[in-house]
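Start from the sequences, fold in the hints, and give me the full structure.
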Amino acid sequence: MSEKAATTEYRPGEVEEKWQRIWAERGTNAFTDERLREAKRPFYNLMMFPYPSAEGLHVGNIYAFTGADIYGRYHRLLGYDVFQPIGFDAFGIHSENYALKVGTHPMELIPRNIENFTRQLKRVGLMYDWNHTVDTTSPEYYRWTQWIFLQLYHAGLAEKREAPVNWCPGCMTVLANEQVVAGECERCGTPVEQRYLSQWFFKITAYAKRLLENLSWIDWSETTKKAQENWIGRSEGAVLRFPIARRRVAEDRHEMAQLHAEAPLIRVFTTRPDTVFGATFMVLAPEHPLVDVLTSPEQRAAVEAYRREAASMDLVTRKIEKEKTGVFTGGYAVNPATGQEIPVWIADYVLMEYGTGAIMAVPGHDERDYEFARKFGLPIVRVVAPSVEEADAPLTEAYVDDGVLVNSGQFTGLPCAEGKQAITTWLAERGMGEFRVNYRLHDWCISRQRYWGPPIPIIYCDACGIVPVPEEDLPVVLPYVENYKPDQSGLSPLARVEEWYRVACPRCGGEARRETDVSDTFLDSAWYFLRYPSAHRDDVAFDRELTEKWLPVDSYIGGEEHAVLHLLYSRFTTMVLHDLGWLSFEEPYTRFRKHGLIIKDGAKMSKSRGNVVVPDDYIAQWGADAFRTYLMFLGPYQEGGDFRDQGLQGPAGFLRRLWDTIVPVEELGTAPADGELERKLHLTIKKVTEDIAALRYNTAIAAMMEYLNAVREGGRRANRAEVEPLVPLIAPFAPHLAEELWARFGHEDSIFARPSDAVLYQRVEGGNWPTYDPAKATAGVVEFVVQVNGKVRARIPMTRGIAEAEARDVALADDNVRRFVNGAPIRKTVFVPDRLINLVVG
RNA sequence: GCGAAAGUGGCGGAAUCGGUAGACGCGCUGGACUUAGGAUCCAGUGGGGCGACCCGUGGGGGUUCGAGUCCCCCCUUUCGCACCA
Numbered sequence: 011m012s013e014k015a016a017t018t019e020y021r022p023g024e025v026e027e028k029w030q031r032i033w034a035e036r037g038t039n040a041f042t043d044e045r046l047r048e049a050k051r052p053f054y055n056l057m058m059f060p061y062p063s064a065e066g067l068h069v070g071n072i073y074a075f076t077g078a079d080i081y082g083r084y085h086r087l088l089g090y091d092v093f094q095p096i097g098f099d100a101f102g103i104h105s106e107n108y109a110l111k112v113g114t115h116p117m118e119l120i121p122r123n124i125e126n127f128t129r130q131l132k133r134v135g136l137m138y139d140w141n142h143t144v145d146t147t148s149p150e151y152y153r154w155t156q157w158i159f160l161q162l163y164h165a166g167l168a169e170k171r172e173a174p175v176n177w178c179p180g181c182m183t184v185l186a187n188e189q190v191v192a193g194e195c196e197r198c199g200t201p202v203e204q205r206y207l208s209q210w211f212f213k214i215t216a217y218a219k220r221l222l223e224n225l226s227w228i229d230w231s232e233t234t235k236k237a238q239e240n241w242i243g244r245s246e247g248a249v250l251r252f253p254i255a256r257r258r259v260a261e262d263r264h265e266m267a268q269l270h271a272e273a274p275l276i277r278v279f280t281t282r283p284d285t286v287f288g289a290t291f292m293v294l295a296p297e298h299p300l301v302d303v304l305t306s307p308e309q310r311a312a313v314e315a316y317r318r319e320a321a322s323m324d325l326v327t328r329k330i331e332k333e334k335t336g337v338f339t340g341g342y343a344v345n346p347a348t349g350q351e352i353p354v355w356i357a358d359y360v361l362m363e364y365g366t367g368a369i370m371a372v373p374g375h376d377e378r379d380y381e382f383a384r385k386f387g388l389p390i391v392r393v394v395a396p397s398v399e400e401a402d403a404p405l406t407e408a409y410v411d412d413g414v415l416v417n418s419g420q421f422t423g424l425p426c427a428e429g430k431q432a433i434t435t436w437l438a439e440r441g442m443g444e445f446r447v448n449y450r451l452h453d454w455c456i457s458r459q460r461y462w463g464p465p466i467p468i469i470y471c472d473a474c475g476i477v478p479v480p481e482e483d484l485p486v487v488l489p490y491v492e493n494y495k496p497d498q499s500g501l502s503p504l505a506r507v508e509e510w511y512r513v514a515c516p517r518c519g520g521e522a523r524r525e526t527d528v529s530d531t532f533l534d535s536a537w538y539f540l541r542y543p544s545a546h547r548d549d550v551a552f553d554r555e556l557t558e559k560w561l562p563v564d565s566y567i568g569g570e571e572h573a574v575l576h577l578l579y580s581r582f583t584t585m586v587l588h589d590l591g592w593l594s595f596e597e598p599y600t601r602f603r604k605h606g607l608i609i610k611d612g613a614k615m616s617k618s619r620g621n622v623v624v625p626d627d628y629i630a631q632w633g634a635d636a637f638r639t640y641l642m643f644l645g646p647y648q649e650g651g652d653f654r655d656q657g658l659q660g661p662a663g664f665l666r667r668l669w670d671t672i673v674p675v676e677e678l679g680t681a682p683a684d685g686e687l688e689r690k691l692h693l694t695i696k697k698v699t700e701d702i703a704a705l706r707y708n709t710a711i712a713a714m715m716e717y718l719n720a721v722r723e724g725g726r727r728a729n730r731a732e733v734e735p736l737v738p739l740i741a742p743f744a745p746h747l748a749e750e751l752w753a754r755f756g757h758e759d760s761i762f763a764r765p766s767d768a769v770l771y772q773r774v775e776g777g778n779w780p781t782y783d784p785a786k787a788t789a790g791v792v793e794f795v796v797q798v799n800g801k802v803r804a805r806i807p808m809t810r811g812i813a814e815a816e817a818r819d820v821a822l823a824d825d826n827v828r829r830f831v832n833g834a835p836i837r838k839t840v841f842v843p844d845r846l847i848n849l850v851v852g
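For the working numbering, count along the first sequence from 1 and bump the result up by 10.
Heads up, a few of these hints could be off.
As the list claims (entries may be wrong) - Cut-off 20 angstroms, straight-line C-alpha distance, at most; resulting in silico cross-link-like pairs (DMTMM-like, lysine to aspartate or glutamate): (1) K610 <-> E649; (2) K50 <-> D564; (3) K614 <-> E570; (4) K28 <-> D759; (5) K617 <-> D655; (6) K614 <-> D652; (7) K111 <-> E492; (8) K213 <-> D229; (9) K50 <-> E558; (10) K495 <-> E509; (11) K170 <-> E297; (12) K801 <-> D783; (13) K690 <-> D652; (14) K559 <-> D91; (15) K385 <-> E407; (16) K132 <-> E65; (17) K334 <-> E363.
Bear in mind the hints are in silico, worked out from the structure with no lab data behind them.
Right, here's the structure in full:
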């Protein structure tokens, strides 16, 4: 392997080029399928696969990948068989819009982008198994994405129904909520409308409870778990029934109940059933199906106008509208607790998609209802007070705090919490309600009226209705369509390709049409980690045996921006596949850690600011090793950091000094490490080991710098035994440099391979990672801090393990200590072994 | 509004079972080597003071022998969710 004459000068570009070539030639990081099957200590190191944009790899991608790569390489050095795949998440509106903008078909654009990404990723020196990549846009992949759709369909978890969407008349497309800014399309500024379209949904809400409960035991970043918890949004309360009133006066309450026995009911969800006595009106979402039943002839025109207005408004603006609006339907309902008739209104602050789409309004104890009641002059009644004595204290705002029930019949005097139980039980006995847990989570709409995605494998037959594409007919190949621009129709561009969508019904052979919507990109990424080990299989989505061996994923690292959608959808998909018998586990990722975000010079990176870091330039100038090490050094990995051009010099200089210290290896001293330096070496190994395991890369690097500074202090020459262990320690960060130094030490194999020859340090079983000796990491002499009344007055070296009495004598012998004690009696001594002694005097 | 996290030198950031605040790096200062160097090497670097020392972790209280760390109140910033009944 000795290339030309070994130079003594560190040239990162040459070293990196050399080792990247060797890794590729030897297949250092790649698995054959056979080796995947035989691996003894499997470790699946996953990172979120990128969307291959035309701009190329962003520094944020590199930051994310490097941090994950270090974790993988570290495990490799510990002797694990580390499977570290990568792929490309290339379907989706993002790609499609860009393709439209530049006028190149995505089927041409995407392969180019992938090629460019691959080149860049290799240049960074990431330890990928290029033998097991996936590309979500290849038919070999999305064939199985469609297969997964069919599994959900057959399980009754995929369903077609109408739902409102944001529609931009300018772009002629459906927009995600995030793409609507202040009621306008973020791209063209056209006011966005609401449309109703028939769409496919996955019933993720059926899994809400499990998705929430499993959060208690999976090992994930706390913030990510919290985000999912909030997103799922569990709330406990009751569903109550309010009968619709007929407009006539009842003789008494019993007759009233009788009268309404068969009348339709308005169901409401509430977390405050204890306040039902204070429900003085009701509000339905404008789209609520009972609005027609309730509306009186006099109010019909106003109601219709309001409903039209609400429908024309986009979904986002409607939700941020602060001023309350609404109209009276003219109809009444009966409060099941008081028996009183209360008016029913419609207002857009009640959302059809949450709860039952209707609420009981308790203006005394809900801020929104209070505001509404004030605006429209509706009655406000107090049913909760700090104490019974304050039952009739006037309300100048909604009283939302806890308290005791007042003006609530037989429940008056009960604390709120007890009132909830008692009132719900009471209403339940009368058939007017029940306890209910409600979730904020909505079903997952997977339909996209666009071109660039996997066609949903469904066929519509006039005779048979909805017919799933038989599995043996997969994939339903996305046809090459010259004009894939969306249009006014609200249909996918595929709906214009008649020769594609006209098919024979698989069931009856009659005329039928394909579903022309494609599926959401999040479906592509909901299962990709299952595909990697089985990437070469064309007969199954994932091989059962390989999946059992390698999954669930041991370590998953990715951005917090996917905390809810991607991570929740992939958990859901895994759970469903588990329930259908395809997988033995129900949670896909054993451990998930989010990484932080990189900013530049204290500000977010953006094209408009012109402060985007183009990684290629930096790598060309400093080398991938220095770039990687700097990225990991500039802040805590899980929090991110501030990229500053000048900062690169620190880690770059460190790597060069490491090289200069070791090369040429023939000139290294042969004395064993000893004394203070040996102690420091063992401490450094300990710290780096612990820090990498906890993703504290910045402090791991600092510890190595500190150690190298100690080795070189005052221009000192190093001994081999002092620096050889540093090579595996730096290897996860600067793998090329480490390989080169390792080779120059005379080792034949890659440093990441199983150990095959001797080293001058103790290492872990099966790998080249050094171990430390706790005994050697401890010094015989420690610097004691001596305080008088809590203030540091001296620092005195003392023998490790020194007893309190002895330490006190040593302390009192110190001039400065004596000066502050000043002959006063010692009232108390605080003694922290091997660290500190505090003399309290006076 | 709700939820989460965080406020430490000129800068990025270390140190939280309460126990030497400012590791490591950038920048800066001085020196060495150099024709030169924004290269490299060595040393120094929180503020104040000649000094012994004093003051310092967003602000104000508190607990303690001792608080960046724990408790209470307030301010600021970032991120996520946002009329969720």
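Review point. Holds or violated: K334 with E363, Cα cutoff 20 angstroms?
Key: 19 angstroms, holds
Review point. Does E558 lie within 20 angstroms of K50 when you go C-alpha to C-alpha?
Key: Between K50 and E558 the Cα gap is close to 13 angstroms, so the pair holds against 20 angstroms.
Review point. Hey, K610 versus E649, does the alpha-carbon distance stay inside 20 angstroms?
Key: 14 angstroms, holds
Review point. Is K801 within 20 angstroms of D783, Cα to Cα?
Key: 35 angstroms, violated
**Study point:** 20 angstroms Cα cutoff - pair K614, E570
**Key:** Holds, at roughly 16 angstroms.
Check your understanding: Regarding the pair K385 and E407, is the alpha-carbon distance no greater than 20 angstroms?
Key -> Holds, at about 13 angstroms.
**Study point:** Restraint status (C-alpha distance of K495 to E509 at most 20 angstroms)
**Key:** Measuring from Cα to Cα gives roughly 18 angstroms; hence the hint holds.
Review point. Given the hint that K111 pairs with E492, does the C-alpha gap stay at or below 20 angstroms?
Key: 14 angstroms, holds
Check your understanding: Would the pair K170 and E297 pass a check requiring their Cα atoms to be no farther apart than 20 angstroms?
Key -> Holds, at roughly 19 angstroms.
Check your understanding: Regarding the pair K28 and D759, is the alpha-carbon distance no greater than 20 angstroms?
Key -> 15 angstroms, holds
Exercise for review: Starting from K50, check that the Cα of D564 is at most 20 angstroms away, please.
Suggested key: Distance of about 15 angstroms is within 20 angstroms: holds.
Check your understanding: Is K690 within 20 angstroms of D652, Cα to Cα?
Key -> Cα-Cα ~30 angstroms, so violated.
When each numbered hint is compared with the structure, violations occur for hints 8, 12 and 13.
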